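Student: Chains as they are written, first to last, in the numbering used here: chain A, 1 to 96; chain B, 1001 to 1297.
Some clues are possibly wrong.
[Stated by the list, open to error] Label-pair restraints from in silico Cβ distances:
(1) D19(A) <-> A1080(B): 45 to 53 Å
(2) R1064(B) <-> A96(A): 43 to 51 Å
(3) Q1071(B) <-> D19(A): 39 to 47 Å
(4) A68(A) <-> P1105(B): 44 to 52 Å
Simulated from the structure, these hints should not be mistaken for laboratory data.
All values derive from a computational prediction rather than experimental measurement.
Each residue gets a CB set at the ideal place from its N, CA and C atoms; glycine is no exception.
Read off the chains here:
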Amino acid sequence: MVIAVKSLVPACDTNAHGDVVRGAITLALQNGGAVDISFAGISAATTSFVNAAFVDLLDTMTLADIKARVRILHSSRQINDMIKARLTREAGRIAA
Amino acid sequence: MTAPLTVTIPYRFSGLTMTELVNQITAAVGGGQLPQVIIVDFGRLGFIEPAGIVFLSNLIHWLRERERNVQFTNLAPRTAPIAFLDDSEFFIAHMGEPLIAAARPRPTTIPYTRVAQGESHDWLDNRFIPWLGGRLNQSAATLAPFRACVSELINNIADHTMFDIGGIAAQHFPQMNRIEIAVADFGLGIPGSVQRVRPELSHADSIMLACQPGFTTQSTPRNRGAGLDYLLSVVGSHRGTLSIFSGNATVCYRARDDGSMVPTASPTVGYCPGTLIQIEFRTDLIVPAEEEEIFEW
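Using the sequences provided together with the hints, build the complete structure.
Tutor: This is the structure:
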């Protein structure tokens, strides 16, 4: 299953944008398996977006689970760095 | 009816001097009402930075929203700074027309723009990044950190003020390999927001606490306090500076050689309503990035 972010939101700037993407991720993972998130057409993501789209997944999933089941595709270095940094930091905060 | 108040823009109008304008207003008003007519005198102006343009424009909007008649004086002769403002569409924005018909935006500037969070992605993707990319001959992927930084600043306005509109201006100084971007709002201000949860802190300490990773006033429940920290990391990696003007304080973060950012706090001469954040970074330190990079944990 591939979720094309650009088909869901115009940009990855706000919490609201992230909520939409997280909703799609959650739905896709409901029946088990993995999901691909394509950032084709999106060059950048903010902390607000990543918090809502990915960090909030930690409410119901472990970081290990997210790493195993959520794949990021067609993304820029900035998006990759942002996702990794935010998830690592917030998962560490939960574990502490 | 109170007499018209004339306020004089200082010679160098920047983040450091903008509160002189507010001082003139508050000194004249005392405990009374704002005059109905406020005259902005451009006669002394010698140089204006993006922060000055944004602050002045926000102030004019704020006064007009309170039904004050804002007028301008000493716009002639058309000195270099007046011409710069004209080319920056300042007089179109505030008088409805340029001073001269030949005024045109300069390729080195993004004129003052009021951007609401809801339409910011359109402005970022179709105006700001194409301008920045054209100036620096870099791709959108390479400039993604700067797009994210400006978007963080716009989100900050929406999260921490009752408005979601901020003013923004930018300028490229090619001779100095530098870009300056200023974003400002006339909301509660960072100290006002932080002091809701930490009332004992000074304005300067409030600003520095707001920049700590993980600190949040929970002004919106989703806020995890990561945006300003991200800004600092991007500006630091480009050996730039990030200056925050809010309330009675100015905090300037400067980059060390290793990219870490060191704050210096100083009391503002006067008061800055809302928050103005100015970032500047070196363009010769931008590292080109591929359009796509394989994601690996």
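Student: Lying within 39 to 47 Å: is that true of the beta-carbon distance Q1071(B) to D19(A)?
Tutor: 46 Å, holds
Student: Using the beta carbons of R1064(B) and A96(A), state whether their distance is inside 43 to 51 Å or not.
Tutor: 50 Å, holds
Student: Does 44 to 52 Å hold as the CB distance between A68(A) and P1105(B), or does it fail?
Tutor: Given a distance of about 50 Å, which is inside 44 to 52 Å, the answer is holds.
Student: Take the C-beta atom of D19(A) and the C-beta atom of A1080(B), compute their distance, and say whether it sits inside 45 to 53 Å.
Tutor: Because 48 Å falls inside the window, the suggested range holds.
In terms of the numbered hints stated before, the structure departs from none.
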